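S.K.: The hints should help you fit chain E onto chain H, whose structure is shown.
Protein chains: 2
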Amino acid sequence: MTRIFTSDFRDDLRLDRPDPLPLHTLDRVDRPTTFIDDDKVKRVDERDGGFYKAGKGQYGDSLKKEYRRFVAKQPLSGALCTMAGALGHMVDEPAKIEEAGKTPWGISAWAPMPHQSEHTAPGTDDPTQNSLHIKETAYFLRSDIVGICKLPPYAVFSHSKHTGKKIDLKHKYAISIVVDQDWRTAAAFNGNDWISNAMSFVAYSTSGFIACILADYIRRLGYPARAHHAMNYQVAVPPILLWSGIGEMSRMGDVVLNPFLGPRYKAAVVTTDMPLEIDMPIDFGLQDFCNKCGRCAEMCPSQAISYGDKGMHNGYEKWVHDIEKCTSMRVGNPNGSGCGTCVKACPWNKPFTPFHRSVSWALRKFPSTRRFGIWCDEKLGYHKPNYKKKWWLDLDQGDDGRFFKPKKSGFNRKK
Amino acid sequence: MTRIFTSDFRDDLRLDRPDPLPLHTLDRVDRPTTFIDDDKVKRVDERDGGFYKAGKGQYGDSLKKEYRRFVAKQPLSGALCTMAGALGHMVDEPAKIEEAGKTPWGISAWAPMPHQSEHTAPGTDDPTQNSLHIKETAYFLRSDIVGICKLPPYAVFSHSKHTGKKIDLKHKYAISIVVDQDWRTAAAFNGNDWISNAMSFVAYSTSGFIACILADYIRRLGYPARAHHAMNYQVAVPPILLWSGIGEMSRMGDVVLNPFLGPRYKAAVVTTDMPLEIDMPIDFGLQDFCNKCGRCAEMCPSQAISYGDKGMHNGYEKWVHDIEKCTSMRVGNPNGSGCGTCVKACPWNKPFTPFHRSVSWALRKFPSTRRFGIWCDEKLGYHKPNYKKKWWLDLDQGDDGRFFKPKKSGFNRKK
Chain H
50 MTRIFTSDFR DDLRLDRPDP LPLHTLDRVD RPTTFIDDDK VKRVDERDGG FYKAGKGQYG
110 DSLKKEYRRF VAKQPLSGAL CTMAGALGHM VDEPAKIEEA GKTPWGISAW APMPHQSEHT
170 APGTDDPTQN SLHIKETAYF LRSDIVGICK LPPYAVFSHS KHTGKKIDLK HKYAISIVVD
230 QDWRTAAAFN GNDWISNAMS FVAYSTSGFI ACILADYIRR LGYPARAHHA MNYQVAVPPI
290 LLWSGIGEMS RMGDVVLNPF LGPRYKAAVV TTDMPLEIDM PIDFGLQDFC NKCGRCAEMC
350 PSQAISYGDK GMHNGYEKWV HDIEKCTSMR VGNPNGSGCG TCVKACPWNK PFTPFHRSVS
410 WALRKFPSTR RFGIWCDEKL GYHKPNYKKK WWLDLDQGDD GRFFKPKKSG FNRKK
Chain E
50 MTRIFTSDFR DDLRLDRPDP LPLHTLDRVD RPTTFIDDDK VKRVDERDGG FYKAGKGQYG
110 DSLKKEYRRF VAKQPLSGAL CTMAGALGHM VDEPAKIEEA GKTPWGISAW APMPHQSEHT
170 APGTDDPTQN SLHIKETAYF LRSDIVGICK LPPYAVFSHS KHTGKKIDLK HKYAISIVVD
230 QDWRTAAAFN GNDWISNAMS FVAYSTSGFI ACILADYIRR LGYPARAHHA MNYQVAVPPI
290 LLWSGIGEMS RMGDVVLNPF LGPRYKAAVV TTDMPLEIDM PIDFGLQDFC NKCGRCAEMC
350 PSQAISYGDK GMHNGYEKWV HDIEKCTSMR VGNPNGSGCG TCVKACPWNK PFTPFHRSVS
410 WALRKFPSTR RFGIWCDEKL GYHKPNYKKK WWLDLDQGDD GRFFKPKKSG FNRKK
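Chains H and E are the protein sequences, given in the same order. To convert, take the position in the first sequence, counting from 1, and add 49; that gives our numbering. To convert, take the position in the second sequence, counting from 1, and add 49; that gives our numbering.
Only chain H is shown next, with the shape it has when bound in the complex (with noise of 0.2 angstroms):
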């Protein structure tokens, strides 16, 4: 759909622009914008991350508790959930894709072999050509943004969360699918009201049911690959939007920020063998912008967040946030589902509108015009919610399952 909106006879002149949105104005560069010691960074054990330490009771039992309501408790983000779960039989094997795909009355006829095939297919021998294939697809498939790296071993998780097994992935090659949690939404919202969690939904479970048609497809073409997504990862998704181009580390943590989306976005991954042309990672000016602004550390509820300077962390260059207070919000906000007041806060949450296409083209480039940006941007009160243009249903759920309105709906700390 967004192609209806943005192809012309443009098109024609630059073919090799698949791109819906600009991404050919941004700068590259050859590495990431913050220092990652590459040889010091360790795989990270997904057992590490907060949400399974919540669910384990490693934050205390009330957490522990809430663990196992706090998607479900609104129903929206709850419908989104279960879809995302269904995904994760689809990544990689085809037996169970096989078994996932069968309709209800048995195999389609119409869709036979969701298996590797054993030759690669011809025309896909080409580096550069089948990245922009994979592109262009994957841009067919209704994805927003998508990048292209090696696969940084260190981005691979050691220990998967859900089997507790080693992890043994050796692709070569990541895809990042980006997906917007939707601007109109994000406009709307207070940043931890209830429609919070369905944010982050439907942008995990669209980018995943892109990324497990993307890998089925490339699998059919001859090469291994395999879905990375919400209900079902092997690797750490942020270092891979780092080498592929979609951001610069922020100051929100492990937010990687887009120039377009800002921190409004969630990514699938696929991995893969298909002998791909990498993207370059993009420097536009975010790290002295973070430096100057700091509004997601005021906002954040939980003050999770650094209004101080990067440090390193496992061997990355980072602003470096607390993982066990961003948590606990997100997990047990009891004035909604969840918690996202930091895309809400970012001053690159914005629509892609011709207005705002210049003023982040100003920011980009002329560092001087940051301070005065950041100024307007509080003055114009895009931080706070504009409930004229709230959609969505405060919900919450009672022990006995029955959904009732709650009596708050989320917490703003600025004004």
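Honestly, the hints are just simulated from the structure, not real lab data. Source: prediction; values computed, not measured. Do not take every clue at face value.
If chains are identical, the list can't say which one is meant, so a pair holds when it fits in one copy or spans any two.
[What the hints assert, rightly or not] Using 20 angstroms as the maximum straight-line C-alpha spacing, the simulated EDC-like pairs for lysine to aspartate or glutamate come out as follows: (1) K359 / D371; (2) K89 / E366; (3) K439 / D68; (4) K113 / E167; (5) K221 / D332; (6) K439 / D88; (7) K113 / D97; (8) K433 / D445; (9) K439 / D174; (10) K114 / D97; (11) K219 / D87; (12) K433 / E347; (13) K454 / D174; (14) K215 / D94.
M.R.: Chain E alone, transformed into the frame defined by chain H:
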């Protein structure tokens, strides 16, 4: 994503317009612009459809054999169709959805209760508010167009082609979920080459994905709901599209044509008893336009589309097309996968750029512009493939399962 291009300050002024496309500019009428003899229309047996007959050998042995491979012989449409099959389990039965929605390591802690709540949720009594809410939800889930009508009893199939059983569906309302088949690809292809089935199935599977989530959500709110999509229908979609204001009957036969997407879309449906306010049918002058045009009939490779006037068929006034010829081309196409040559031919198949929206407005409002518009459209060559934009792989599958590059790609009647 669409809404990051269309959201602007005007949103604040018109809260009753959730639609990214300007549906509010369309003329609404009491009944569809083609006569429907409500008392005479008989419910259709799904087994009378062309694809079912082809699969059963009623159109000959050659098509019976081709039926088993005509989608999966091209790997992208094969992958899309496998995903659509998986969605076939998730239309209404809680136990099946719970089973499908189980992550590979069991039920997710985050997504319990895919079944209908016993109590309706607070804030869901008002039909006007509900319709706005359901539309906003469907757009949030990335639908392209949404419309709502009463479910015409004659739109319900009499029997399922899969089970052979009688269908009993008494829901009051039907929600149409429309998804674009991608303009950029439609501009590039010739109508019946190797990407044609993938265009259908990206829209089938994506609209099905959205419909399954929306139906699950409505059930959680306490109302019965069922998703209907390409891999599990209980309703015929065209009458629902007519009554919910998505489009008018076109020369192509059963294709309901939309003024913004033309015939370049597929739709899934959610039926429900949730109280809803309905939309009215639209009139954008298509009956006059199709009378003056006929390019789809000229270009149809199997000559399945009528050159003449409308007639009556099962209580519907329509241009009656030859289903056997149409199905034979789509299933048996030796030089491509599927066929959408009528989509390619149609002057309404356009992007939504400032130029095209002006032309579309003039064609809708002023009948005298239509002949000239049709003439210009042909002179500008929109019906021709633009292979400079071609991004997909021409691939056919041999009996050994191996993909190979076919000698021919598509068939163009009109140069």
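S.K.: Would you mind marking each hint as holding or not holding in the structure?
M.R.: Hint check results:
1. K359 / D371: Intra 13 angstroms, inter 68 angstroms, cutoff 20 angstroms: intra-copy only.
2. K89 / E366: Close inside one copy (12 angstroms), not across copies (72 angstroms); limit 20 angstroms.
3. K439 / D68: between (30 angstroms within a copy, 15 angstroms between copies)
4. K113 / E167: Neither: 46 angstroms inside a chain and 27 angstroms across chains, both beyond 20 angstroms.
5. K221 / D332: Neither: 24 angstroms inside a chain and 54 angstroms across chains, both beyond 20 angstroms.
6. K439 / D88: neither (48 angstroms within a copy, 42 angstroms between copies)
7. K113 / D97: Result: close within a single copy only, 15 angstroms intra versus 54 angstroms inter.
8. K433 / D445: neither (23 angstroms within a copy, 54 angstroms between copies)
9. K439 / D174: between (49 angstroms within a copy, 18 angstroms between copies)
10. K114 / D97: within (19 angstroms within a copy, 53 angstroms between copies)
11. K219 / D87: Intra 17 angstroms, inter 61 angstroms, cutoff 20 angstroms: intra-copy only.
12. K433 / E347: within (13 angstroms within a copy, 56 angstroms between copies)
13. K454 / D174: Close across copies (14 angstroms), not inside one copy (57 angstroms); limit 20 angstroms.
14. K215 / D94: For K215 and D94, only the intra-copy Cα distance (9 angstroms) is at most 20 angstroms; the inter-copy one is 52 angstroms.
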